[in-house]
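**Student:** Single-letter residue listing:
Number of protein chains: 2
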Amino acid sequence: MSEQQWWRELGQQLRVDSIRAADAAATKPGNDHLIFSKGHASPLLYALYKAAGAVSDDELVSFRKLGSRLEGHPTPEIPWVDVATGSLGQGLPCAVGVALAGKRLDRVPFRVWVLCGDSEMAEGSIWEAFDHASHEGLDNLVAIIDVNRLGQRGETMLGWDTAAYVRRAQAFGWRAVEIDGHDVEEIDRAYEQALAGDGRPVAIIARTVKGKGVSAVENRNGFHGKPLADPEAAIRELGGRRDLTVRPSAPTHGAAPHRFATAKAPAASWEVGDKVATRRAFGAALAALAAADGRIVALDGEVGNSTYTELFADAHPQRYFEMYIAEQQLVATAVGFQVRGWVPFAATFAAFMSRAYDFIRMAAVSRADIRLVGSHCGVSIGQDGPSQMGLEDIAALRAVHGSTVLYPSCANQTAKLVAAMVDRPGVSYLRTTRAATPVLYPADEEFPIGGSRVVRCSGRDDVTLVAAGITLHEALAAADELADQGVTARVVDLYSIKPIDKQTLIDAAEATGVIVTVEDHHPEGGIGDAVLEVFADTSSRPRIGTLAVRVMPTSGTPAELLGQAGIDRTQIAQTVRTLLVARSTSV
Amino acid sequence: MSEQQWWRELGQQLRVDSIRAADAAATKPGNDHLIFSKGHASPLLYALYKAAGAVSDDELVSFRKLGSRLEGHPTPEIPWVDVATGSLGQGLPCAVGVALAGKRLDRVPFRVWVLCGDSEMAEGSIWEAFDHASHEGLDNLVAIIDVNRLGQRGETMLGWDTAAYVRRAQAFGWRAVEIDGHDVEEIDRAYEQALAGDGRPVAIIARTVKGKGVSAVENRNGFHGKPLADPEAAIRELGGRRDLTVRPSAPTHGAAPHRFATAKAPAASWEVGDKVATRRAFGAALAALAAADGRIVALDGEVGNSTYTELFADAHPQRYFEMYIAEQQLVATAVGFQVRGWVPFAATFAAFMSRAYDFIRMAAVSRADIRLVGSHCGVSIGQDGPSQMGLEDIAALRAVHGSTVLYPSCANQTAKLVAAMVDRPGVSYLRTTRAATPVLYPADEEFPIGGSRVVRCSGRDDVTLVAAGITLHEALAAADELADQGVTARVVDLYSIKPIDKQTLIDAAEATGVIVTVEDHHPEGGIGDAVLEVFADTSSRPRIGTLAVRVMPTSGTPAELLGQAGIDRTQIAQTVRTLLVARSTSV
Chain V
12 MSEQQWWREL
22 GQQLRVDSIR
32 AADAAATKPG
42 NDHLIFSKGH
52 ASPLLYALYK
62 AAGAVSDDEL
72 VSFRKLGSRL
82 EGHPTPEIPW
92 VDVATGSLGQ
102 GLPCAVGVAL
112 AGKRLDRVPF
122 RVWVLCGDSE
132 MAEGSIWEAF
142 DHASHEGLDN
152 LVAIIDVNRL
162 GQRGETMLGW
172 DTAAYVRRAQ
182 AFGWRAVEID
192 GHDVEEIDRA
202 YEQALAGDGR
212 PVAIIARTVK
222 GKGVSAVENR
232 NGFHGKPLAD
242 PEAAIRELGG
252 RRDLTVRPSA
262 PTHGAAPHRF
272 ATAKAPAASW
282 EVGDKVATRR
292 AFGAALAALA
302 AADGRIVALD
312 GEVGNSTYTE
322 LFADAHPQRY
332 FEMYIAEQQL
342 VATAVGFQVR
352 GWVPFAATFA
362 AFMSRAYDFI
372 RMAAVSRADI
382 RLVGSHCGVS
392 IGQDGPSQMG
402 LEDIAALRAV
412 HGSTVLYPSC
422 ANQTAKLVAA
432 MVDRPGVSYL
442 RTTRAATPVL
452 YPADEEFPIG
462 GSRVVRCSGR
472 DDVTLVAAGI
482 TLHEALAAAD
492 ELADQGVTAR
502 VVDLYSIKPI
512 DKQTLIDAAE
522 ATGVIVTVED
532 HHPEGGIGDA
542 VLEVFADTSS
552 RPRIGTLAVR
562 VMPTSGTPAE
572 LLGQAGIDRT
582 QIAQTVRTLL
592 VARSTSV
Chain E
12 MSEQQWWREL
22 GQQLRVDSIR
32 AADAAATKPG
42 NDHLIFSKGH
52 ASPLLYALYK
62 AAGAVSDDEL
72 VSFRKLGSRL
82 EGHPTPEIPW
92 VDVATGSLGQ
102 GLPCAVGVAL
112 AGKRLDRVPF
122 RVWVLCGDSE
132 MAEGSIWEAF
142 DHASHEGLDN
152 LVAIIDVNRL
162 GQRGETMLGW
172 DTAAYVRRAQ
182 AFGWRAVEID
192 GHDVEEIDRA
202 YEQALAGDGR
212 PVAIIARTVK
222 GKGVSAVENR
232 NGFHGKPLAD
242 PEAAIRELGG
252 RRDLTVRPSA
262 PTHGAAPHRF
272 ATAKAPAASW
282 EVGDKVATRR
292 AFGAALAALA
302 AADGRIVALD
312 GEVGNSTYTE
322 LFADAHPQRY
332 FEMYIAEQQL
342 VATAVGFQVR
352 GWVPFAATFA
362 AFMSRAYDFI
372 RMAAVSRADI
382 RLVGSHCGVS
392 IGQDGPSQMG
402 LEDIAALRAV
412 HGSTVLYPSC
422 ANQTAKLVAA
432 MVDRPGVSYL
442 RTTRAATPVL
452 YPADEEFPIG
462 GSRVVRCSGR
472 DDVTLVAAGI
482 TLHEALAAAD
492 ELADQGVTAR
502 VVDLYSIKPI
512 DKQTLIDAAE
522 ATGVIVTVED
532 HHPEGGIGDA
542 VLEVFADTSS
552 RPRIGTLAVR
562 VMPTSGTPAE
572 LLGQAGIDRT
582 QIAQTVRTLL
592 VARSTSV
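Chains V and E supply the protein sequences, listed in that same order.
Numbers 12 to 598, taken from my numbering, label the letters of the first sequence in order.
Numbers 12 to 598, taken from my numbering, label the letters of the second sequence in order.
Quick caveat, the hints were computed from the structure, so don't treat them as lab data.
Any given hint might turn out to be false.
Each pair may be met inside one copy or between any two copies, as identical chains are not told apart.
With a straight-line Cα cutoff of 27 angstroms, these simulated DSS-like cross-link-like pairs (lysine-lysine) come out [claimed, not checked]:
hint, residue 1, residue 2
1, 221, 39
2, 513, 114
3, 76, 237
4, 286, 76
5, 76, 114
6, 286, 237
Pulled out of the complex, with its shape left as it was, chain V reads as follows:
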């Protein structure tokens, strides 16, 4: 076969007309997906687009220039790019999500092709992807491992030991095909084999030579990511300028994606005064919402009996995905699901969202709409100790571009916020509490994202307490204690930490002049900082006390640990008294 012919056939097999479709999954649901897990091979990806006629010569040379969609690493600013890559080891896990959607949600026989680098095989997330892909029988997933031996600064751990890659892929339940990555006939045969699905995902281990055919760089270290010194000489050496055009075939199957049956269903609701953990309210609310909205799916990191996604799993087993103790794959699968238009909610302990922080950061670069739910936040979880306590999650999630951070204190409020997350763009995060706390608000009250709620307010408040989640209940108790002492506290429920309700805070500052924020979270980047940002440049300049977890917590009862951290009712009231004295002294 000539190389030209081979390119043509490759195009047909890959069905790369998928790359002609904007919002491919929506408009052409049968198209295959192509993901470059080695995002730094973007010049190759963009050259494929050029060969398919999707990108012009002029656009191609805008590579890495301001204003070009052809960025250094691919992002979904290009309509045929499903997910942003460039942080290695992420493309394959996201592809597992896309392929899993194909098998169990869309139920359409598209394939997902992934180009992996050999350096990124050192990332643990790659093996999470291998593990899940075989566990789920994803024979619609093909990973091509480009084993060129050379990483950014030298040889990889395994070098050209392709047999080791084969052993590992097989041990993780994949079919492995070893080829010479420069032999078009072998490539051809490998792709053909890959098409014959036998229930297993396929890894094509391709031995390649970096810079093949250009003697100045071929198989030499030190040229990673660097332009050629003499590109014209390289073109000559490669046989002169070529202008390939590939006309790939369309998918042969025309199946419409599966849609889940829905029915009108009441929202979850509770009686004011009942004691319900917001984590349980989340699970119940999501299960109820999903009855009426077939796009909603749920995933969990093997703690569904703690986060209460188990309520969803019981109600909608076909739309529930057990991701085991693999938080990177948990978030990556959510990203993959939304590529196909599904509405994923991914839950684990708030503390363990940190395990997937690079995936969450990259989800924002992917312009992904994903919903994350972190339970067991803060010291108030009690006896299990600091390893299980989410104490950095607000800071981490607030710092993600375009994110939404929500933190309810009441079951009915939780239900409203979960509903609001369904059509929320970007990365949205709900922080839930382990302990059962009293339901504060009637089920018919609204809690829009970006709002807040003044829970207690008199004509003449002396101080404003700003809290959310577990600390709102402490703040209310502190307000009771202060009232007995003749101090009137306004209490603001800051259930939406990002975006934040500036006006309510400014009004409170103007009314009281003193604000105390209380959060079950470390002081940096949390509720205190979010409130301080509001007053950075306002004409009202309240005095702000920020109570937060400034210790390394231990085991203990929830009440003991709130006390240890200085965020319980007693210490809130004490802080208020101190601040009010300071103000009267300074005035």
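Dock chain E against chain V, hints included.
**Tutor:** Only chain E this time, still in chain V's reference frame:
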């Protein structure tokens, strides 16, 4: 063999007298290490301490109570615990660090024994550990995988398919021994085999039954982490109360740990006005420091030619560790090294610290002294695009308990901060810049952690600019532009973001009344928030403008992207003018 005998021999093999020594590595460097990667098995660990006589009956029943060192999950508050566990998949990677120190740094033939759960085998970090342990030939490492089939809420992915675990371990280059985990003779033989080092780490795959011997819970789902309903019945069923005492033997070898030869060496320094990237200054400074301090070691995530740890690797190859593209193992190895008293510096791109965020969070719980260095921060890296830009790292690292966050703008300053990190307790983080920037300060100036530097100050400043790293250079340029327009700007170099120099900021606020912070980072949790925290409750209430990256960046030149993000000299000057007008209007 009787069970009693077997326990005795197990004790001898494990050399558990290591658990009698406070600061074991320092005082008894030949002792073995025992790490419970499945930290939730803490009751078993504490029972071992009891059997060894290190913990009394009274202390044992303080389990999970406030004030007890026997927390829900083990932490180094107990002197025989090397690292905190409880976030699954972390104990084994940290153990790889301890074992690697034994092989290549201490050069003492201790062994590291790790108890892993089967649920945590789903964590990618476990496979990073497997990968590195075989690559480094760590036959001093033994992992016991407790395959009890049941996770927190149900069966694991592999259930009792012990053969699959064996295949995976072998494919990753380990020796694998499959046993019945309840057969003491098989356990005995497995430990004996594990002692016969053949260059490979050893995985003992132990098939076990959860709750074995207690019919109320044996092999039944739904009892994870729950107390027994009838503990007395369970004790009866297990053969009655027992009080085992184990007297383990001491290590037979008495080798003193290896120490690297050192010599007086000059610190790295540069001429004021030279253009040097702070990332390069870090590499040079660390190499120079390590010549005189044999405790210092360096690790990198396969980007040493970008972070400039390559300068260290060239100078001190025996103390340099290539961790490839595996950031979780990178940080875990650093944690393991400091268990043995070494002073690790671990470097990768600032963006990719997010990959190891759970390990960084847990390092704080481990009371670990580790030094992290993140290069390529912010949009100023230019063309590579957002996947490579550290834009959340200040927020994430500031939120870690007891952390230090440093961000130099000058090569000489970088050298001083790197030196200060050597004996800094806790997690310390240095943020370095890709671009070469002018050296601002002479080599003999001091930059203590917690300090700042007023770079420009007149008798009557109109405004204060607070910046660090690349934005300090932009702020200085903006001050020049403003000076031409008759506006005098004080410029503060906030090289120590945490801890922060409150007094200098308060003085500046009192002198100027207006502060503008500028950072190459997203607005949440960064320099702006750190400065706002200073003024939360002070009597001086400056107006504060916070310039930060509020867009999703793209590719472009560094200058273009600073402009796109609104943090370049032009927009700093413009912001100052707007704020000064606003102030004069409001006054």
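**Student:** Please go over all the hints and tell whether each is borne out by the structure.
**Tutor:** Evaluation of the provided hints:
1. 221 - 39: The answer is neither: 35 angstroms in one copy and 49 angstroms across copies each exceed 27 angstroms.
2. 513 - 114: neither (45 angstroms within a copy, 57 angstroms between copies)
3. 76 - 237: Result: close within a single copy only, 16 angstroms intra versus 58 angstroms inter.
4. 286 - 76: Classified as between: cross-chain Cα gap 25 angstroms, same-chain 56 angstroms, threshold 27 angstroms.
5. 76 - 114: neither (39 angstroms within a copy, 48 angstroms between copies)
6. 286 - 237: between (61 angstroms within a copy, 22 angstroms between copies)
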